[in-house]
Amino acid sequence: MAQMAMVMNLDKCIGCHTCSVTCKQVWTNRSGVEYVWFNNVETRPGQGYPRRYEDQVRWRGGWTLNRRGRLALKAGGRFRKLSTIFANPRLPGIGDYYEPWTYDYETLTHAPPQDQPPVARPKSLLTGEDTRISWSANWDDDLGGSVEHGDKDVVLAEISAKVTLEFDKTFMFYLPRICEHCLNPSCAASCPSGAIYKRTEDGIVLVDQDRCRGWRMCVTGCPYKKVYFNHRTGKAEKCTFCFPRVEVGIPTICSETCVGRLRYIGLMLYDADRVLDAASTPDDTGLYEAQRQVFLDPHDPRVAAAAERDGIPHDWIEAARRSPVHALINTYEVALPLHPEYRTMPMVWYIPPLSPVVDVVRDTGHDAEDSGNLFAAIDALRIPIEYLAELFTAGDTAPVGAVLRRLAAMRAYMRDINLGRDPDARIPERVGMTGESMYEMYRLLALAKYDERYVIPPAHAEQAHGLEELATECSLDYDGGPGMGGAGPAGGSGPFGEASGGAPPIAVENFHMLKHRQTADRPADPSDKRHRVNLLNWDGKGMPAGLFPRRRDLGDGDAGAGP
Amino acid sequence: MIDALLWTALPYVTIAVFVLGHYWRYRYDKFGWTTRSSQLYESRLLRVGSPLFHFGVLVVLLGHIGGLVIPERWTDAAGIGEDAYRAAAVVLGGIAGFCTLAGLAILIYRRRTVGPVFSATTRNDKLMYAVLTLVIVLGLAATAAANAAAGGYDYRLTVSPWFRSVFYLRPKAELMDGVPVLYQAHALSALVLFCIWPFTRLVHVLTAPVGYLTRPYIVYRSRDERLGEAAPRRGWQQAP
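Chains as they are written, first to last, in my numbering: chain W, 7 to 569; chain D, 34 to 273.
Next up, chain W with everything else stripped away, as it sits in the complex:
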């Protein structure tokens, strides 16, 4: 089967959060998912988002091998799930993410003349009351506060109980995370209603909003904690790999807007029948190699013939041959999966950062472009390498070391070329590559243009009319739309609780919300609920109903509307 996959080159991530912000604007800028970041960027070492999500002793995400060596859900099988369905014992609370808030900006413009400048107080988006901000999705960004809670990093604890983040041993890098769109998704396996499914065409894992009943088991099941609970609609939501964009051949919004151009999107062909065996590999450290064996070589004519027989279009097979993801994972072998030990066969892979090594070599006054210095440092720097190994290879430092040596070799090899010196053929040989392939890898990592980084075959034109958001039909004609008795495009509430009456496509909801915000004299109040104002969409004009408790002298909450 074919799988749309992503690789991120962590050396290039500058931690600007542009991916997170644009993703939020597109997908989770709605009430009910204020706390949700389909894409988030974590500083490592750090706790991540939600806090300490990697602590599977506590959260029980992913798969494990049972006593008979067979693959089983870590949080328990079917009977266990159904017996705990009334109160999921392993569900992260809102405090493990953070309590979403906004500021009472109106005070700034409406305060009467006074000695002290007015203050915009933080207001909880859950209750509308004053709140104290104590955590957020990236509270420990850039190691902020690591003196106080640096020891709470789960991965650091794996390496050694005694490691402290001493200043002179500090290293840091950023880890952008989206849903892994796993080959063996434990969220889908945990869903009692069967609402989470993997698309056969491109492997994207989606939640069917009409079948989700809000049992919340997927949140526990996902070891990456990338399925979120919309507390307004009572449904699970997750990263969609921007499927409406990918279907028409353009990259996900996080990739499109990535400032560092560190993301690569392409197809991987894989043998679905071998996934279970690979995920059941006895040894955690064998999982990286096992997953690589599941992938098929699109250049192999037998693979191409089999793929075409199974209904994969010819242009998709050609795209798989040009896939940068395939090149980085299997040809150059520089990309590694995130936490393969969760046994979900994740499909967003990472090129581990060489920068912790380079920084140390340079800071000690040595030549940080010299392959010998870098190789020696890779062997000597225990903590960063073990840390990366815990993230990407279940603790086995050999593959991480090999990847870093390749990156170091490329660095040294290309310096000679860039300075007009004769390239040293021994450098690529030391890492098992040829000068030519090393140059090709350099091209892909450093120079690749848009159409080389994103090789996305579109869904077929004959299917185009059915794509989610192409307006080839009456745009109100979707099931549950206004013409069908639904609540309409404004995302309002039906009579049976909030957001009943059908989910409008998110683009439609966003469009109307933005239009309303930009043209209305009154503050945008999309949820039309007394207590839950979507303050993310609030423009500071006036006082939306429900922002504050009613006051007798004001009467209705709208009485304080702005100028």
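It is worth saying that the hints were derived from the structure and are not from the lab. Some hints here could point you the wrong way.
[To be verified] Covered by chain D, according to a simulated footprint, are these stretches of chain W (three or more residues, beta-carbon under 8 Å):
(1) 96-107
(2) 198-209
(3) 215-228
(4) 397-411
(5) 445-458
Glycine residues also receive a C-beta, built at the ideal position from the N, C-alpha and C atoms.
Given the coordinates of chain W, work out where chain D should sit on it, guided by the hints.
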């Protein structure tokens, strides 16, 4: 006249509303068909109250099936006398009913006192909670009153045959004459609950995920199914 209305017409209205209401809700509001869980906001009280309530109410449901659907002659034939049956029903039902009520009390207390949970409570929810509480309290009260005062009341000679007669399409309203008023009130409030059922969050009961026990873990689905969307127009269908 009023008896015929209450014990003949109302049950059929209830059945019609219950069945058609669910069909209509499923057709037009699949998106709103959810448990509307509030565990994200608060977990400590929920972890006590919710299982207490739900497991309690499941046992109560089994008890009602046993009491209403199985005729007394069957249990007599099985050698279970009325006294033994009642003892078991009162003890088991009492425990389960008490658990249900205690769980419900915890859940309502939680709903009222935990800020985010309270603000997530709709008017619809409040109505549902009121009716649900009424049904449970009346049921427990009927059992308690009958057993404390008069050594029990054999509803299996009156209420149960009436209940079955409704489904045989030969309703015998006269059987409900002389039934203690608490039992009557319990039955009527239950009818009201079933009437509002399809229009509240209680719909989640009908989609209890028992299919999970048999389905394969990973669900694969083709994009082409396009569930829930309009059928392709003529000329736009995919070529076979």
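Here is what the structure says about each hint:
no.	hint	in the structure
1	96-107	holds (count 3)
2	198-209	holds (count 10)
3	215-228	holds (count 8)
4	397-411	violated (count 0)
5	445-458	violated (count 0)
Comparing the model with each numbered hint stated earlier shows that hints 4, 5 do not hold.
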